[in-house]
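Read off the chains here:
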Amino acid sequence: MKLNRRSFIKSAAAGSAIAAAGSIFPGISFANWKEQQDPSGQITWKKAPCRFCGTGCGVLVGVSGDRAVAVKGDPNCSVNKGLCCVKGFHVVQALYGKDRLRTAQVRRGGKMVEVPISEALDIIAAKMKETIKQTGKDSVAMYGSGQWTIPDGYVASKLFKGCIGTNNVEANARLCMASAVTGFMTSFGIDEPMGCYEDIEHADVFVTWGNNMAEMHPVLFSRMLASRKRRKNVQIIDLATRSTRSSQASDRSILFKPNTDLAVANAICYEIIRNDWVDWDFVKKHTTFHKGKTNIGYGTEDHFKFKDAPEDISFEEYKEFLSDYTPEKVEKISGVSALEIKYLASLYGDPSKKCTSFWCMGMNQHVRGTWINNLVYNIHLLTGKISTPGNSPFSLTGQPSACGTVREVGTLTHKLPHGVVMKEEHRKMAAEIWDVPLANIDPKPTYHTVEMFRALDRGDIRFIWIQVTNPMITMPNLNRYRNGALKDDRFIVVSDVYPTPTTDVADVILPAAMWVEQEGMFGNSERRTQHFDRIVPGPGETMSDTWQIIEVARRLGYEKQFPWGEDEYIGKIWEEYRRFHDSPKHNMAPYTVLKKRSGVQWPFVDGKETRWRFNSKYDPACKPGSDFDFYGKKDGKAWIWARPYEPAAESPDEEYDFWLNTGRVIEHWHTGTMTRRVPVLHRAVPESYVEIHPEDAMNLGVTNGEMVKIISRRGEVTMKASINGRGNPPRGMVFVPFFDETYKINEVTLDAFCPISKQPDYKKCAVRLEKA
Amino acid sequence: MPILSYLVLPQDGAMDQLCSDLANMDYCEIIPADNQEVVVLVTDTPDEKVEKTLQETLKNLPSLQSFSMTYGHNAV
Numbered sequence: 003m004k005l006n007r008r009s010f011i012k013s014a015a016a017g018s019a020i021a022a023a024g025s026i027f028p029g030i031s032f033a034n035w036k037e038q039q040d041p042s043g044q045i046t047w048k049k050a051p052c053r054f055c056g057t058g059c060g061v062l063v064g065v066s067g068d069r070a071v072a073v074k075g076d077p078n079c080s081v082n083k084g085l086c087c088v089k090g091f092h093v094v095q096a097l098y099g100k101d102r103l104r105t106a107q108v109r110r111g112g113k114m115v116e117v118p119i120s121e122a123l124d125i126i127a128a129k130m131k132e133t134i135k136q137t138g139k140d141s142v143a144m145y146g147s148g149q150w151t152i153p154d155g156y157v158a159s160k161l162f163k164g165c166i167g168t169n170n171v172e173a174n175a176r177l178c179m180a181s182a183v184t185g186f187m188t189s190f191g192i193d194e195p196m197g198c199y200e201d202i203e204h205a206d207v208f209v210t211w212g213n214n215m216a217e218m219h220p221v222l223f224s225r226m227l228a229s230r231k232r233r234k235n236v237q238i239i240d241l242a243t244r245s246t247r248s249s250q251a252s253d254r255s256i257l258f259k260p261n262t263d264l265a266v267a268n269a270i271c272y273e274i275i276r277n278d279w280v281d282w283d284f285v286k287k288h289t290t291f292h293k294g295k296t297n298i299g300y301g302t303e304d305h306f307k308f309k310d311a312p313e314d315i316s317f318e319e320y321k322e323f324l325s326d327y328t329p330e331k332v333e334k335i336s337g338v339s340a341l342e343i344k345y346l347a348s349l350y351g352d353p354s355k356k357c358t359s360f361w362c363m364g365m366n367q368h369v370r371g372t373w374i375n376n377l378v379y380n381i382h383l384l385t386g387k388i389s390t391p392g393n394s395p396f397s398l399t400g401q402p403s404a405c406g407t408v409r410e411v412g413t414l415t416h417k418l419p420h421g422v423v424m425k426e427e428h429r430k431m432a433a434e435i436w437d438v439p440l441a442n443i444d445p446k447p448t449y450h451t452v453e454m455f456r457a458l459d460r461g462d463i464r465f466i467w468i469q470v471t472n473p474m475i476t477m478p479n480l481n482r483y484r485n486g487a488l489k490d491d492r493f494i495v496v497s498d499v500y501p502t503p504t505t506d507v508a509d510v511i512l513p514a515a516m517w518v519e520q521e522g523m524f525g526n527s528e529r530r531t532q533h534f535d536r537i538v539p540g541p542g543e544t545m546s547d548t549w550q551i552i553e554v555a556r557r558l559g560y561e562k563q564f565p566w567g568e569d570e571y572i573g574k575i576w577e578e579y580r581r582f583h584d585s586p587k588h589n590m591a592p593y594t595v596l597k598k599r600s601g602v603q604w605p606f607v608d609g610k611e612t613r614w615r616f617n618s619k620y621d622p623a624c625k626p627g628s629d630f631d632f633y634g635k636k637d638g639k640a641w642i643w644a645r646p647y648e649p650a651a652e653s654p655d656e657e658y659d660f661w662l663n664t665g666r667v668i669e670h671w672h673t674g675t676m677t678r679r680v681p682v683l684h685r686a687v688p689e690s691y692v693e694i695h696p697e698d699a700m701n702l703g704v705t706n707g708e709m710v711k712i713i714s715r716r717g718e719v720t721m722k723a724s725i726n727g728r729g730n731p732p733r734g735m736v737f738v739p740f741f742d743e744t745y746k747i748n749e750v751t752l753d754a755f756c757p758i759s760k761q762p763d764y765k766k767c768a769v770r771l772e773k774a
Numbered sequence: 005m006p007i008l009s010y011l012v013l014p015q016d017g018a019m020d021q022l023c024s025d026l027a028n029m030d031y032c033e034i035i036p037a038d039n040q041e042v043v044v045l046v047t048d049t050p051d052e053k054v055e056k057t058l059q060e061t062l063k064n065l066p067s068l069q070s071f072s073m074t075y076g077h078n079a080v
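These protein sequence lines map, in sequence, to chains R and E. So the first sequence is numbered by this note's numbering: it starts at 3 and just counts up by one. So the second sequence is numbered by this note's numbering: it starts at 5 and just counts up by one.
Hints were generated in silico from the structure; no laboratory data involved. Treat the hints loosely; a few may be bogus.
[Said to hold, decoys possible] Example chain R residues on the side facing chain E (calculated, C-beta under 8 Å, incomplete):
hint, residue
1, Phe32
2, Ala33
3, Thr744
[As the list claims (entries may be wrong)] A few chain E positions that, by computed beta-carbon distances, are all more than 12 Å from chain R:
hint, residue
4, Gln15
5, Asp16
6, Ser24
7, Pro36
8, Asn39
9, Gln40
10, Glu41
11, Val44
12, Lys53
13, Val54
14, Leu58
15, Glu60
16, Leu62
17, Ser72
The model shown is predicted, which means the values in this text are computed figures rather than measured ones. Glycine included, each C-beta is placed from N, C-alpha and C at the ideal position.
Isolated chain E, as found in the complex (with noise of 0.2 Å):
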C-alpha cells in the first residue's frame, strides 16, 4: 500500500489544466502553490502494480512537464 509525494511541474500555461487533470485521478490529492507553477502531489495506492500503472499515466499526461518523488512509504 505505497504512500508517495512528488513535486509536479506543469508545461507552460499548463497549470490549471494539470491540477484539473490530478484532482480527477484516482489515488491522488494535490496541494498547488499558491504562489508558483508547482504542484504537490499526494498518492496512496492499494499495491504496487496499481502504483506503477499511476506512475505511467503520470508520465504521459499532456499537461505534466516533469515530477520528483520526494518521500516513499511502502504500508502494510
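Excised from the complex, chain R in its bound form (with noise of 0.2 Å):
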C-alpha cells in the first residue's frame, strides 16, 4: 500500500486548512477526521506524544505504506483532547527534510566522508578506550538532551555512570530545566509538580510568570482561555518582562524590570502577612522557614564552586526580613507599582479563589533561578493554595522529555535514576540494578553543562559525544565554546537526524533515527510517561540513539549490562529503569500499560494514576491520617525561604545600554533544525528579527526591517529589526529569538548562571545597538 503523490498533497492541503483554522478558532477539534480512503489504501492512524515541546500533546500518526502522511490530536489524551498547535499538526513533516542524515560519516583529512555505521561505531568505541587510557575515564563525556527518549538517557547513564565510571554525563535540559529542579529539591524534598493540567479547568486565577504561554505552550494556553470563557470568573495575569501574545490575551499585563520578579514576589508575600492572608492552619502544620547564603555569585569564571548553607529561622525573623520588600519600596525596583502589587497579593490572598502560577524559561533561566522557583512556593504556601485542584505552583517544561530523561532518569552529572551519586545507598542501588561493582559509581559528580563546555575546552575533556541536541547554537558565549570544540586534539560525535552548526565540529556524525522511527517513552511536565512505537521505518543506516549507545558498549566490553536484542529492547529497558522507583512515591506504570494509553502519570499506583501530590486525598504515598504530607522532607514539611533581591550578573551601563533578552515564537522550536525544515513553518517565519520598542528605534534611526547590530562584551550579530511585531520590549530592551541558526545570538549573550541550579540566564545581558 502507497500513497501516491496526490493523496499526499490532499492530505497536506486538509492539515494546512487545520492548522490555520487551529490558530484563528482556540479550541477546534477535527477529532473525527478519523481516516481518509484514497485510491492506493486507507490510511492508518498510531498514538504518539508530539515531538516538540513539553506540553506533551497526543497525536495521531496517520501512515501509508512506510510514510508518515498526516497528524491529528489525539482525543483519547487528557493533556490535549484532540487540539494541536501550528507546529503539533505539522509535525510528521519534519521527518522528512531533503537533508536528513542517512549514513555514518567521519573526518579525514579535514573533509567529512561516509562511510558504513558499524565502522563508525568501531572508531567512537576505539578512540574512547584510548582518550581513557591516555587521560583518564574523565576526560569522556557524554552531553545529551531532553529530547532524549527515556531509554536513550538510561542507557547513558548506564554506560557512563555504571560502566565506565564517569559522572561526564550531562544534558541540555541543564539550560532548560536546573532551576525548577533545585526550587523543588529546596522548598520540597523531592522533583517535579505537585500538581497536574486538570488544574486549569479548576483556577479561578492564573498568574503567568515570565511565561509567553499562548506561544511557548498553545494547547495549555488555548485551556487557559476555554476555561476563562466557560466559567467567566476566571482571570489571567501575565507577569512579565515585556509585552507578548500572552500579554494580548489576558486580563491585565503587569511589566517588571529584569530580574526584580525576585522583589515583586517577597512583596506579594509581605501584602500577604499584612493583611493576614496567610493560611495559618496550614502553616503550621505543613512549613518551616529557612534562609539562605546571600551575594552567592554568578559563576562567570571557571572552576566556580557554591553550597549554599541553610539556616532555621522563626516566621518572625522571616516576617522581619519582608520589611525591605514593602509594594512602596519594591515599585522603585521592578517599575510595578505598589497598586498593582497589592492586587496580585489580594487574588493570591482570596481565600474564596483558586490560584494556579505558570513559569517556564523566564523564572528558570535566571541567575537567581531557584531563589524565584523558591519564592512563588512561598506564596503557595503561606496561602495553602497548593496541591488542591486548581491551585498549583507549576513549573512547565521546554522539550518532551525534560521530565522523563533528564530529571527522572538523572542524565546529570550528580544524578542516578534514583537519588544522586554523592549518597552510598543510592549507588549501592544502581550497582546492583545495573550489575556493575559498587566501586564503579565515582561519588563525586564532575561537570554541570557551562563547565562541562568549559572543560572541553581547557582540555579536561578529551572526547565528547552529542546526541539530540545543538549546542553550537545555544550554549551562552557561544564563541569561546565553538572555539574549544574545535581545538585540534579534541574529539566530538554528534548523533543527529539533520546537519547542524554541531556537525560542523564533529569528527565522526550518526545518523539517528527521528521521534516515531524507533521506539522510546517521553515523560511530559505534568508526570506523564508516554510510549511511542516505531511507526515508520527512518532512512538510510538510521539507528535509534540508545541503539548506537548499546553498540558502543558492547564494543567497549559490556555486553553483559547491554545483552537485549533489537525487537525486545525498548520494554527491556524500561521494565529494568523501573525498578528504580519502586516505591509509593514515584512508581512508573508497566510496559504492558504505558504501550496501551496515550500517556500515564506517576505515581502509579495499584493501578491508579496520582493527579495532586501531597495531599491524602489523592497521593497513597502520605502518611495515613495526614492531611497534607511533603513527604520529599524528613519531617513532612515544606520549606519557606527567605532569599533576597539581587541583581542580573551584567545590567545595561553606559556603554552597553540596552538589555538583550532571548527567546522563541510559535512556529519555531528551539534552534529551528526540525522546524525550519517544514515548509508551512519556515514561510511563516523565515528569519529571526530584534525585537526593539518604536521610541528606541526612531532614536537609533531604524525602520521596521532595517538592520541593527547587537553588539555586546562577547560578540555581535546584525540582523532585521521588528518594530510594533508580535512582541514589544519596553524601552531599554531589545529580545531576539534564538531558532535561526543564521543568526547565532548566543555569540552575544553571557554565560552566567544560578549558582544552585547552574542553569545560565539567557534573558539578562548588557548590549549596544548600532544601525548597521
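With the hints as a guide, bring the two chains together.
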C-alpha cells in the first residue's frame, strides 16, 4: 500500500486548513477526521506524543505504506483532548527534510567522508578506549538532551556512570529546567510538580510568571482561555518583562524590570502577611522557615563553586526579612506599581479563589533561578494554595522529555536514576540493578553543562558525544565553546537527524532515527510517561540513539550490561529502569500499560495514576491520617525561604545600554533544525529578528526591517529590526528569537548561571545597538 | 489539476445543511470540526476551468457564509 503524490498533496491541503483553523479558532477540534480513503489504500492512525515541546500533546500519526503522511490531535489524550498547535499539526513533515542524515560520516584529512555505520561505531569505541587510557575516565563525556527518549538517557547513564565510571553525563535540560529541579528540591525535597493540567479547569486565577504560554505552550493556553470563556470568573494575569501575545490575551499585563521578580514575589508575601491572608492552620502544620547564603555570585569564572548553607529561622525573622519588600519599596526596584503588587497579593490572598502560577524559562533561565522558584512556592505555601485542584505552583517544561529523561532518569552529573551519586545507598541500588561493582560509580559529581564545555575548551575533556541537541547554537557565550570544540586534540561525536552547526564541528556524525522511527517514551511536564511505537522506518542507516549507545557499550566490553535484542530492548530497558522507582512516591506504570494508553501519570500505584501529590486525598504515598504530607522532607514539611532580591550578572550601563532578552516563537522549536525544514513553518517566520521599542528605534534611526547590529562584550550579530511586531519590549530592552542559525545570538549572550542550579540566564545581559 | 483547501463558515444555524451541500458536490471532500461551526473543505478538480466553476458554485451556496483559502497547489 503506497500513498500516491496526489493524495499526499490532498492530505497536506487538509492538514494546512486544520492548522489554520487551530490558530484562528482556539480550542477547535477535528477529532472525527479518522480516516481517509485514497486510490492506493487506507491511512492507519497510531498514537504518539508530539515531538516538540514539553506539553506532551498526544497525536495520531497517519501512516500510508512506509510513510507518515498526516497528523491530528489524539482525542484520547487528556493533555490536549484532540487539539494541536501549528507545530504539532505539521510534526510529521519534520521527518522528511531533503537533507536528512542517512549515513555515518568520519572526518578524514579535514573532510567528512561517508562510512558504514558499523565502522563509525568501531571508531567511536576505539577513540573512547584510547582517550580513557591516555587521559583518564573523566576526559570522556556524554552530552544529551531533554529530547532523548527515556531509554536513550537510561543507557547513557548506565554506560558512563555504571560501566566507565565517570559522572560526565549532562543534558541540555540543564539549560532549561535545572532551576525548577533545585527549586523543588530546596522547597520540597523531591522533584516535579505536585499538580497536573487538570488544575487549569479548576483555577480561578492564573498568574504567568515570565512565561509567554500563548506561543510556548499554546495548547495549555487554549485550555486556559476556554476555561475563562466557560466560567466567566476566571482571570489571567501576565507578569513579564516584555509584552507578548500572552499579554494581549490576558486580563491584565504587568511588566517588571529584569531580575526584579524576586522583589515582586517577596512584596506579595509581605502583603499577604500584612493583611493576615495567611492560612495559619496550613502554615503551622506543614511548613518551616529558612534562609541561605546571599551575594552568591554568578559563575562566570571557570571552576566556580558554590554550596548553600541553609539555616532555620522563625516566622518572626521571616516577617522581618520581608520588611525590606514593602510594595512601595519594590515599586522603585521593579517598576511594578505598589497598587499592582497589592492587587496580585489580593488575588493570591483571597481564600475564595483558586490560584495557579505557571512559569517556564523566564524563572528558570535566571541567575537566581532557584530563588525565584522558592519565592513563588512561598506565596502558595503561605496561602495554603497548593496540592489541591486549581491551586498549583506549576513549572512547565520546554522539551518533550526534560522531565522523563533528564529529571527522572537523572542524566545530570550528580544524579542517578534514583537519587544522587554522593549517597552510598543510591550508588548501591544503581550498582545492583546495573550489575556493576559498587566501586565503579564515582561519588563525586564532575561537570555541569557550562563547566563541561569549559572543560572541553581547557582540555580536561578530550572526547564528547553529543546526542539530540545543538550546543553550537545554544551555549551562551558561544564563541568560547565553539572555539574549544574545534581545538585539534578534541574528538567530537554528534548523533543527529540533520546537519547543524554542531555536526559542523564533529569528527564523527551518526545518523539518528527520529521520533516515531524508533520505539521510546517521553515524560512531560505533569509527570506523564508517554510511549510510542516505531511507526515508520528511518531512512538509510539511521539508528536509534539508544541502540547507538548499546553498540558502542558492547564494543567497549560491556555485553553483560547491555544484553538485549533489537526486537525487545525498549521493553526490557523500561522494566529494568522501573526498578529504580519502585515505591509509592514514584512508581512508574508497567510497559504493557504504557503501550496501551495515551500517557500514564506517576506515581502509578495499585493501577491508579496520582493527580495531586502530597495531598492524602489523592496521593497514596502520604502518611495515613495526614491531610498534607510533603514527604520529600524528613519531617513532612515544606520549606519557606527568605531569599533576597539581587541584581542580574550584567546590567545595562553607559557603554552597553540595552538589556538583551532571548527566547522563542510559536512557529519554531528550539534551534529550528526540525521546524525550519517544514515549509509552512519556515515560510511563516523565515528568519530571526530583533524586537525594538518604537521610540528606541526612532532614536537609532531604524525603521521596520532595517538592519541593526547588536553588540555585547562577547560578540555581535546584525539582523532585521522588528518594530511593533508580535512582541514589544519596553524601552531599553531588545528581544531576539534564537531559532535561526544564521544569526547566532548566543555569541552575544553571557554564560552567567544560577549558582545553585548551574542553569544559565539567557534573558539578561547588556548590549549596545548600532544601525548597520 | 488544482488541489485547494478552505476554511468554510456556515450561515447561522446552517452547519448541517452546509456539510450536506458540500459533501454532495463533485470534487469536494469535507472535514467538519466537531466542537465549532467550521468546515475544512478540500477540492480536487481536473483543471482550472472546473475549479473556477466550482468556486462560483461555492460563492452562491445559500448555506455558506464565507470561505477562505488556506492551501493551493496546481498539480500537473
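How the hints compare with the structure:
Taking 8 Å as the C-beta cut-off, the interface hint given for Phe32 (chain R) holds, the closest approach to chain E being about 6 Å. Taking 8 Å as the C-beta contact cut-off toward chain E, the hint placing Ala33 (chain R) at the interface holds, the least distance being around 5 Å. Given hint, Thr744 (chain R) at the interface with chain E, is violated; its Cβ is 27 Å from that chain's nearest Cβ, farther than 8 Å. Annotated as non-interface, Gln15 (chain E) keeps its C-beta farther than 12 Å from every C-beta of chain R; the closest such distance is 17 Å.
Even its closest Cβ contact with chain R, about 16 Å, leaves Asp16 (chain E) beyond 12 Å, as expected for a residue assigned away from the interface. The beta carbon of Ser24 (chain E) is kept farther than 12 Å from every beta carbon of chain R, the shortest such distance being approximately 15 Å. For Pro36 (chain E), the requirement that its beta carbon stay farther than 12 Å from each beta carbon of chain R is not met, with the minimum near 7 Å. At roughly 5 Å, the least C-beta separation between Asn39 (chain E) and chain R is not larger than 12 Å, which violates its mark as non-interface.
For Gln40 (chain E), the condition that its CB be more than 12 Å from all CB atoms of chain R is violated, with the nearest at approximately 5 Å. Not every Cβ of chain R is farther than 12 Å from the Cβ of Glu41 (chain E); the closest lies at roughly 9 Å, contradicting the non-interface assignment. Chain R draws Val44 (chain E) into its interface by the beta-carbon criterion, the shortest separation being 4 Å against a cut-off of 12 Å. Every Cβ of chain R is farther than 12 Å from the Cβ of Lys53 (chain E); the closest lies at roughly 19 Å, confirming the non-interface assignment.
For Val54 (chain E), the shortest C-beta to C-beta distance to chain R comes to about 15 Å, beyond the 12 Å cut-off, and the non-interface label holds. Against chain R, the non-interface label of Leu58 (chain E) holds: every CB pair exceeds 12 Å, the least being about 14 Å. With a least beta-carbon separation of about 20 Å from chain R, Glu60 (chain E) lies farther than 12 Å from that chain, consistent with its non-interface assignment. Separation of Leu62 (chain E) from chain R is adequate, the least Cβ-Cβ distance of about 14 Å exceeding the 12 Å criterion.
Ser72 (chain E), annotated as away from the interface, has a beta carbon of chain R within 12 Å; the closest lies near 8 Å.
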